[in-house]
Amino acid sequence: MRRISRVTYAYMQEMKRIISDSAVWASFFIISIIVAWAYTYVYSYEVTNDVHIAVVDECRTSESRQLIRMINATEQVSVSESPSDFDAARELFYEGKVHGIVVIPRDFSEKIYKKMRPSVSGYYDVAYFIYYKQVYKAVATSIAYMNAGIELKGLTAQGVSNHQAMNTIKAINAQTVTLFNPNGGYATFAMPMVYLLIIQTLLLTGIGLLGGTQREKKEFLQNHYTVRTIRGVIATLLGKAGSYLTIALLYITIVLGIIMPFFDIPQRAKLIDVYLFMLPFFLSVAFMGLFLIRFFKHREDAVMTISFTSIPFLILSGISWPVESLPKLLQFLSQFIPSTTAIKGFVSLTQGGVALTDIHDMYLKMWLICLFYFVLCVFFFNSYRKKNENELI
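Okay, so the sequence shown: first residue is 761 according to the numbering used here, each after it adds one.
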(Lines of atoms letter the chains of each structure in order from A and count residues from 1; the text may use other names and numbers.)
(Lines give C-alpha, C1' and ligand atoms only; values in the text may rest on other atoms or scores of the structure.)
Protein backbone atom coordinates (compact mmCIF):
# COMPACT_ATOMS: atom_id res chain seq x y z
CA MET A 1 0.00 0.00 0.00
CA ARG A 2 1.62 3.26 -1.11
CA ARG A 3 1.99 6.10 1.40
CA ILE A 4 -0.56 8.33 -0.28
CA SER A 5 -3.10 5.50 -0.29
CA ARG A 6 -2.40 4.86 3.40
CA VAL A 7 -3.21 8.49 4.14
CA THR A 8 -6.41 8.25 2.11
CA TYR A 9 -7.38 5.00 3.80
CA ALA A 10 -6.78 6.43 7.27
CA TYR A 11 -8.79 9.52 6.32
CA MET A 12 -11.77 7.51 5.09
CA GLN A 13 -11.71 5.13 8.06
CA GLU A 14 -11.65 8.00 10.53
CA MET A 15 -14.54 9.72 8.78
CA LYS A 16 -16.51 6.47 8.95
CA ARG A 17 -15.84 6.18 12.67
CA ILE A 18 -16.92 9.78 13.20
CA ILE A 19 -20.19 9.31 11.32
CA SER A 20 -20.93 5.97 12.99
CA ASP A 21 -20.60 7.47 16.49
CA SER A 22 -23.71 9.58 17.08
CA ALA A 23 -22.21 11.51 20.00
CA VAL A 24 -19.14 12.46 18.01
CA TRP A 25 -20.79 13.49 14.77
CA ALA A 26 -23.47 15.40 16.67
CA SER A 27 -20.75 17.32 18.52
CA PHE A 28 -18.87 18.11 15.33
CA PHE A 29 -21.68 18.88 12.92
CA ILE A 30 -24.57 20.08 15.12
CA ILE A 31 -23.52 21.15 18.61
CA SER A 32 -20.57 23.23 17.39
CA ILE A 33 -22.81 25.31 15.11
CA ILE A 34 -25.64 25.57 17.65
CA VAL A 35 -23.28 26.70 20.41
CA ALA A 36 -21.56 29.27 18.17
CA TRP A 37 -24.93 30.60 17.02
CA ALA A 38 -26.44 30.65 20.52
CA TYR A 39 -23.49 32.45 22.11
CA THR A 40 -23.49 35.08 19.38
CA TYR A 41 -27.25 35.56 19.68
CA VAL A 42 -27.04 36.05 23.44
CA TYR A 43 -24.51 38.86 23.02
CA SER A 44 -25.88 40.18 19.74
CA TYR A 45 -27.11 43.42 21.33
CA GLU A 46 -23.42 44.22 21.88
CA VAL A 47 -23.97 46.74 24.70
CA THR A 48 -26.46 47.00 27.54
CA ASN A 49 -28.34 50.29 27.51
CA ASP A 50 -30.97 51.75 29.83
CA VAL A 51 -29.45 50.11 32.90
CA HIS A 52 -31.77 50.82 35.82
CA ILE A 53 -30.29 52.96 38.57
CA ALA A 54 -31.59 54.73 41.67
CA VAL A 55 -30.85 58.38 42.46
CA VAL A 56 -31.10 59.63 46.04
CA ASP A 57 -31.63 63.39 45.81
CA GLU A 58 -30.97 64.81 49.27
CA CYS A 59 -30.63 68.35 47.91
CA ARG A 60 -33.88 68.68 45.93
CA THR A 61 -32.92 71.87 44.11
CA SER A 62 -32.99 72.89 40.47
CA GLU A 63 -29.29 72.02 40.15
CA SER A 64 -29.72 68.51 41.52
CA ARG A 65 -32.76 67.93 39.32
CA GLN A 66 -30.77 69.14 36.32
CA LEU A 67 -28.05 66.59 37.06
CA ILE A 68 -30.66 63.84 37.36
CA ARG A 69 -32.17 64.82 34.00
CA MET A 70 -28.73 64.78 32.39
CA ILE A 71 -27.97 61.32 33.77
CA ASN A 72 -31.37 60.01 32.68
CA ALA A 73 -30.87 61.49 29.19
CA THR A 74 -27.86 59.28 28.51
CA GLU A 75 -28.41 56.10 26.52
CA GLN A 76 -26.50 54.03 29.04
CA VAL A 77 -28.83 54.30 32.05
CA SER A 78 -32.40 54.95 33.08
CA VAL A 79 -33.24 56.57 36.41
CA SER A 80 -36.02 54.17 37.36
CA GLU A 81 -36.11 54.74 41.12
CA SER A 82 -35.95 57.84 43.32
CA PRO A 83 -35.83 56.54 46.91
CA SER A 84 -35.94 58.97 49.82
CA ASP A 85 -32.72 57.78 51.45
CA PHE A 86 -29.69 55.60 50.88
CA ASP A 87 -31.03 52.67 52.91
CA ALA A 88 -34.05 52.40 50.63
CA ALA A 89 -31.80 52.58 47.57
CA ARG A 90 -29.57 49.87 48.99
CA GLU A 91 -32.58 47.58 49.41
CA LEU A 92 -33.49 48.14 45.76
CA PHE A 93 -29.91 47.27 44.80
CA TYR A 94 -29.89 44.03 46.79
CA GLU A 95 -33.26 43.08 45.30
CA GLY A 96 -31.75 43.43 41.82
CA LYS A 97 -34.12 46.22 40.78
CA VAL A 98 -31.26 48.65 40.14
CA HIS A 99 -27.60 48.16 39.24
CA GLY A 100 -26.27 51.43 40.54
CA ILE A 101 -26.95 54.15 43.09
CA VAL A 102 -26.18 57.86 42.80
CA VAL A 103 -26.38 60.03 45.92
CA ILE A 104 -26.61 63.82 45.53
CA PRO A 105 -25.70 65.35 48.93
CA ARG A 106 -27.75 67.93 50.78
CA ASP A 107 -25.15 70.69 50.27
CA PHE A 108 -24.81 70.11 46.50
CA SER A 109 -26.26 73.44 45.33
CA GLU A 110 -24.85 75.36 48.28
CA LYS A 111 -21.30 74.39 47.38
CA ILE A 112 -21.89 75.25 43.72
CA TYR A 113 -22.96 78.79 44.66
CA LYS A 114 -19.98 79.14 46.99
CA LYS A 115 -17.70 78.04 44.14
CA MET A 116 -16.71 74.94 46.05
CA ARG A 117 -16.53 71.41 44.68
CA PRO A 118 -19.56 69.34 45.73
CA SER A 119 -19.18 65.58 45.76
CA VAL A 120 -21.61 63.15 44.15
CA SER A 121 -21.36 59.57 45.39
CA GLY A 122 -21.77 56.67 43.01
CA TYR A 123 -22.24 53.01 43.93
CA TYR A 124 -21.93 50.63 40.99
CA ASP A 125 -22.47 46.90 40.51
CA VAL A 126 -18.88 45.81 39.86
CA ALA A 127 -19.94 42.15 39.95
CA TYR A 128 -21.13 42.75 36.37
CA PHE A 129 -18.54 44.76 34.48
CA ILE A 130 -20.98 45.50 31.66
CA TYR A 131 -23.36 47.21 34.10
CA TYR A 132 -20.48 48.92 35.86
CA LYS A 133 -19.06 50.34 32.64
CA GLN A 134 -22.39 51.74 31.48
CA VAL A 135 -23.40 53.30 34.81
CA TYR A 136 -19.96 54.77 35.43
CA LYS A 137 -19.80 56.22 31.92
CA ALA A 138 -23.25 57.82 32.20
CA VAL A 139 -22.62 59.40 35.62
CA ALA A 140 -19.07 60.55 34.85
CA THR A 141 -20.09 62.07 31.51
CA SER A 142 -23.09 63.89 33.01
CA ILE A 143 -21.03 65.33 35.87
CA ALA A 144 -18.30 66.43 33.45
CA TYR A 145 -20.81 68.26 31.25
CA MET A 146 -22.46 69.90 34.26
CA ASN A 147 -19.06 71.00 35.57
CA ALA A 148 -18.28 72.54 32.19
CA GLY A 149 -21.64 74.32 32.15
CA ILE A 150 -21.14 75.77 35.62
CA GLU A 151 -17.64 76.96 34.76
CA LEU A 152 -18.88 78.46 31.50
CA LYS A 153 -21.58 80.44 33.32
CA GLY A 154 -19.04 81.71 35.83
CA LEU A 155 -16.68 82.93 33.13
CA THR A 156 -19.39 84.62 31.06
CA ALA A 157 -20.66 86.33 34.23
CA GLN A 158 -17.20 87.88 34.55
CA GLY A 159 -17.51 89.36 31.05
CA VAL A 160 -15.58 86.71 29.18
CA SER A 161 -16.95 85.95 25.72
CA ASN A 162 -18.43 82.53 25.02
CA HIS A 163 -15.60 81.69 22.62
CA GLN A 164 -12.90 82.61 25.12
CA ALA A 165 -14.75 80.81 27.89
CA MET A 166 -14.98 77.63 25.82
CA ASN A 167 -11.27 77.80 25.02
CA THR A 168 -10.48 78.28 28.71
CA ILE A 169 -12.61 75.34 29.79
CA LYS A 170 -11.35 73.11 27.02
CA ALA A 171 -7.73 74.15 26.71
CA ILE A 172 -6.80 70.82 25.10
CA ASN A 173 -9.06 69.44 22.38
CA ALA A 174 -8.77 65.67 22.74
CA GLN A 175 -9.89 63.54 19.81
CA THR A 176 -10.65 59.94 20.68
CA VAL A 177 -10.76 57.39 17.89
CA THR A 178 -12.01 53.95 18.91
CA LEU A 179 -10.41 51.34 16.69
CA PHE A 180 -12.01 48.09 15.49
CA ASN A 181 -14.84 48.01 18.08
CA PRO A 182 -16.25 51.55 18.19
CA ASN A 183 -19.36 50.60 20.18
CA GLY A 184 -17.39 48.67 22.76
CA GLY A 185 -19.68 45.73 22.01
CA TYR A 186 -19.23 42.51 23.94
CA ALA A 187 -20.03 40.23 21.00
CA THR A 188 -17.46 41.90 18.76
CA PHE A 189 -14.93 41.62 21.58
CA ALA A 190 -15.55 38.07 22.79
CA MET A 191 -17.08 35.97 20.02
CA PRO A 192 -14.08 35.71 17.65
CA MET A 193 -12.17 34.17 20.56
CA VAL A 194 -15.06 31.96 21.64
CA TYR A 195 -15.47 30.52 18.13
CA LEU A 196 -11.98 29.02 18.30
CA LEU A 197 -12.41 27.74 21.84
CA ILE A 198 -15.64 26.00 20.81
CA ILE A 199 -14.08 24.05 17.96
CA GLN A 200 -10.95 23.28 19.99
CA THR A 201 -12.97 21.87 22.89
CA LEU A 202 -15.29 19.83 20.68
CA LEU A 203 -12.46 18.47 18.53
CA LEU A 204 -10.50 17.36 21.59
CA THR A 205 -13.61 15.80 23.10
CA GLY A 206 -14.61 14.00 19.90
CA ILE A 207 -11.13 12.65 19.24
CA GLY A 208 -10.91 11.50 22.85
CA LEU A 209 -14.29 9.78 22.64
CA LEU A 210 -13.28 7.80 19.56
CA GLY A 211 -9.86 6.91 20.90
CA GLY A 212 -11.14 6.05 24.37
CA THR A 213 -13.82 3.79 22.90
CA GLN A 214 -11.29 1.91 20.77
CA ARG A 215 -8.88 1.44 23.67
CA GLU A 216 -11.72 0.36 25.96
CA LYS A 217 -12.75 -2.31 23.45
CA LYS A 218 -9.12 -3.31 22.77
CA GLU A 219 -9.63 -2.33 19.12
CA PHE A 220 -7.19 0.56 18.88
CA LEU A 221 -4.47 -1.15 16.85
CA GLN A 222 -6.83 -3.39 14.88
CA ASN A 223 -8.49 -0.22 13.61
CA HIS A 224 -5.09 1.16 12.65
CA TYR A 225 -3.39 -1.81 10.99
CA THR A 226 -1.44 0.61 8.76
CA VAL A 227 0.73 1.52 11.77
CA ARG A 228 2.95 -1.56 11.35
CA THR A 229 5.89 0.69 10.40
CA ILE A 230 6.98 4.21 11.25
CA ARG A 231 5.91 5.30 7.76
CA GLY A 232 2.54 3.76 8.40
CA VAL A 233 2.31 5.66 11.68
CA ILE A 234 2.97 8.97 9.92
CA ALA A 235 0.52 8.17 7.13
CA THR A 236 -2.16 7.18 9.64
CA LEU A 237 -1.69 10.36 11.65
CA LEU A 238 -1.88 12.54 8.55
CA GLY A 239 -5.04 10.80 7.39
CA LYS A 240 -6.74 11.03 10.76
CA ALA A 241 -5.75 14.67 11.18
CA GLY A 242 -7.04 15.37 7.69
CA SER A 243 -10.51 14.17 8.63
CA TYR A 244 -10.65 16.53 11.61
CA LEU A 245 -9.24 19.32 9.48
CA THR A 246 -12.13 18.83 7.05
CA ILE A 247 -14.66 19.17 9.86
CA ALA A 248 -12.94 22.21 11.34
CA LEU A 249 -12.77 23.95 7.95
CA LEU A 250 -16.49 23.33 7.47
CA TYR A 251 -17.13 24.86 10.90
CA ILE A 252 -15.03 27.97 10.31
CA THR A 253 -16.65 28.43 6.88
CA ILE A 254 -20.10 28.52 8.49
CA VAL A 255 -18.83 30.92 11.16
CA LEU A 256 -17.20 33.29 8.67
CA GLY A 257 -19.83 33.01 5.96
CA ILE A 258 -23.08 32.86 7.94
CA ILE A 259 -22.86 33.53 11.67
CA MET A 260 -20.54 36.54 11.70
CA PRO A 261 -22.28 38.40 8.83
CA PHE A 262 -25.74 37.62 10.24
CA PHE A 263 -24.88 39.19 13.61
CA ASP A 264 -22.75 41.97 12.08
CA ILE A 265 -19.54 40.73 13.66
CA PRO A 266 -16.74 42.41 11.65
CA GLN A 267 -14.59 40.32 9.34
CA ARG A 268 -11.97 42.61 7.84
CA ALA A 269 -9.36 40.13 6.60
CA LYS A 270 -8.96 38.35 3.31
CA LEU A 271 -10.55 34.92 3.56
CA ILE A 272 -7.48 33.23 2.14
CA ASP A 273 -5.39 34.72 4.97
CA VAL A 274 -7.85 33.48 7.58
CA TYR A 275 -7.93 29.95 6.14
CA LEU A 276 -4.15 29.79 5.85
CA PHE A 277 -3.78 30.88 9.48
CA MET A 278 -6.42 28.44 10.68
CA LEU A 279 -4.72 25.51 8.93
CA PRO A 280 -1.91 24.99 11.51
CA PHE A 281 -4.33 25.71 14.35
CA PHE A 282 -6.76 22.97 13.34
CA LEU A 283 -3.94 20.53 12.70
CA SER A 284 -2.40 21.39 16.08
CA VAL A 285 -5.68 20.65 17.83
CA ALA A 286 -6.08 17.40 15.89
CA PHE A 287 -2.58 16.18 16.75
CA MET A 288 -3.01 17.33 20.35
CA GLY A 289 -6.23 15.30 20.59
CA LEU A 290 -4.61 12.24 19.04
CA PHE A 291 -1.75 12.47 21.53
CA LEU A 292 -4.13 12.86 24.48
CA ILE A 293 -5.70 9.51 23.56
CA ARG A 294 -2.84 7.86 25.44
CA PHE A 295 -4.44 9.13 28.67
CA PHE A 296 -7.98 7.99 27.79
CA LYS A 297 -8.50 4.29 28.46
CA HIS A 298 -12.28 4.63 28.56
CA ARG A 299 -14.79 6.61 26.55
CA GLU A 300 -16.00 8.75 29.44
CA ASP A 301 -12.44 9.74 30.37
CA ALA A 302 -12.30 12.18 27.46
CA VAL A 303 -15.53 13.96 28.38
CA MET A 304 -14.53 14.38 32.01
CA THR A 305 -10.99 15.50 31.25
CA ILE A 306 -11.67 17.91 28.41
CA SER A 307 -14.65 19.41 30.25
CA PHE A 308 -12.37 20.07 33.20
CA THR A 309 -9.77 21.79 31.03
CA SER A 310 -12.20 24.04 29.15
CA ILE A 311 -12.20 26.72 31.86
CA PRO A 312 -8.38 26.78 32.26
CA PHE A 313 -8.05 27.00 28.47
CA LEU A 314 -10.50 29.91 28.52
CA ILE A 315 -8.43 31.75 31.14
CA LEU A 316 -5.11 31.01 29.46
CA SER A 317 -6.46 32.24 26.12
CA GLY A 318 -6.54 35.81 27.43
CA ILE A 319 -10.30 36.41 27.19
CA SER A 320 -11.02 36.96 30.87
CA TRP A 321 -7.55 38.14 31.87
CA PRO A 322 -4.50 39.23 29.82
CA VAL A 323 -2.00 36.43 29.38
CA GLU A 324 0.80 38.87 30.18
CA SER A 325 -0.65 39.36 33.68
CA LEU A 326 -0.69 35.65 34.51
CA PRO A 327 2.08 34.00 36.59
CA LYS A 328 5.18 33.17 34.57
CA LEU A 329 4.58 29.42 34.81
CA LEU A 330 1.06 29.75 33.41
CA GLN A 331 2.33 32.04 30.67
CA PHE A 332 4.81 29.34 29.69
CA LEU A 333 2.20 26.56 29.76
CA SER A 334 -0.27 28.65 27.77
CA GLN A 335 2.13 28.67 24.81
CA PHE A 336 1.53 24.94 24.33
CA ILE A 337 -2.23 25.40 23.99
CA PRO A 338 -3.09 25.97 20.31
CA SER A 339 -5.91 28.42 21.05
CA THR A 340 -3.65 30.88 22.91
CA THR A 341 -1.71 31.94 19.82
CA ALA A 342 -4.53 31.19 17.38
CA ILE A 343 -6.92 33.58 19.13
CA LYS A 344 -4.44 36.46 18.93
CA GLY A 345 -3.89 35.86 15.25
CA PHE A 346 -7.56 35.31 14.44
CA VAL A 347 -8.58 38.53 16.20
CA SER A 348 -5.77 40.46 14.47
CA LEU A 349 -6.97 39.17 11.11
CA THR A 350 -10.74 39.43 11.44
CA GLN A 351 -11.00 42.49 13.69
CA GLY A 352 -7.77 44.37 13.00
CA GLY A 353 -7.83 43.66 9.29
CA VAL A 354 -4.11 42.87 9.12
CA ALA A 355 -2.56 40.70 6.44
CA LEU A 356 -1.10 37.29 7.16
CA THR A 357 2.37 38.69 6.48
CA ASP A 358 1.89 41.16 9.33
CA ILE A 359 1.54 38.32 11.84
CA HIS A 360 4.09 35.97 10.31
CA ASP A 361 5.62 35.40 13.76
CA MET A 362 2.30 34.03 15.07
CA TYR A 363 1.88 31.98 11.91
CA LEU A 364 5.32 30.43 12.34
CA LYS A 365 4.59 29.78 16.00
CA MET A 366 1.36 27.94 15.09
CA TRP A 367 3.28 25.65 12.73
CA LEU A 368 5.86 24.98 15.46
CA ILE A 369 3.06 24.02 17.86
CA CYS A 370 1.62 21.79 15.15
CA LEU A 371 5.01 20.14 14.62
CA PHE A 372 5.43 19.68 18.38
CA TYR A 373 2.17 17.75 18.76
CA PHE A 374 2.77 15.82 15.55
CA VAL A 375 6.11 14.56 16.89
CA LEU A 376 4.46 13.61 20.19
CA CYS A 377 1.80 11.67 18.26
CA VAL A 378 4.42 9.81 16.23
CA PHE A 379 6.22 8.75 19.40
CA PHE A 380 2.96 7.73 21.10
CA PHE A 381 1.59 5.69 18.18
CA ASN A 382 4.96 4.10 17.47
CA SER A 383 5.63 3.17 21.11
CA TYR A 384 2.07 1.87 21.50
CA ARG A 385 2.54 -0.22 18.34
CA LYS A 386 5.77 -1.76 19.66
CA LYS A 387 4.28 -2.38 23.09
CA ASN A 388 1.19 -4.12 21.72
CA GLU A 389 2.45 -5.83 18.58
CA ASN A 390 0.48 -8.95 19.45
CA GLU A 391 -2.70 -7.04 18.63
CA LEU A 392 -1.53 -6.64 15.03
CA ILE A 393 -2.24 -10.23 14.02
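Among the clues, some could well be false.
[What the hints assert, rightly or not] List of simulated lysine-lysine pairs, DSSO-like, C-alpha gap at most 27 Å:
hint, residue 1, residue 2
1, 897, 871
2, 1057, 977
3, 1030, 875
4, 913, 1030
5, 1057, 1104
6, 913, 871
7, 1030, 1057
8, 893, 1030
9, 930, 871
10, 913, 897
11, 776, 1104
12, 1088, 1057
13, 913, 857
14, 977, 930
15, 875, 930
Since the hints were made in silico from the structure, they are not lab data.
- Proposed proximity, residue 871 with residue 897 (alpha carbon, max 27 Å): With Cα atoms ~24 Å apart, residue 897 and residue 871 stay inside 27 Å; holds.
- Query: Is residue 930 within 27 Å of residue 871, Cα to Cα?
  - Reply: 23 Å, holds
- Item | residue 913 paired with residue 897 [C-alpha distance capped at 27 Å] | 24 Å, holds
- Message: So if I understand the rule, the pair passes when the alpha-carbon distance is 27 Å or less; does residue 913 with residue 857 pass?
- Response: 37 Å, violated
- Message: Holds or violated: residue 875 and residue 930, Cα atoms, limit 27 Å.
- Response: 19 Å, holds
- Item | residue 1030 paired with residue 1057 [C-alpha distance capped at 27 Å] | 42 Å, violated
- Holds or violated: residue 1057 with residue 977, Cα cutoff 27 Å? Given that 27 Å is the threshold and the Cα spacing comes to 9 Å, the pair holds.
- Message: What's the verdict on residue 776 and residue 1104, does the C-alpha distance respect the 27 Å limit or exceed it?
- Response: 34 Å, violated
- 27 Å Cα cutoff - pair residue 913, residue 871: Holds: residue 913 and residue 871 sit about 15 Å apart, inside 27 Å.
- Query: Is the hinted pair residue 1088 and residue 1057 satisfied, with a Cα-Cα distance of at most 27 Å?
  - Reply: 33 Å, violated
- Task: Compare the distance between the alpha carbons of residue 1057 and residue 1104 with 27 Å, and conclude whether the hinted pair is satisfied.
- Result: 34 Å, violated
- Hinted pair residue 893 and residue 1030, Cα distance within 27 Å: 33 Å, violated
When held up to the earlier numbered hints, the structure conflicts with 3, 4, 5, 7, 8, 11, 12, 13, 14 and fits the remainder.
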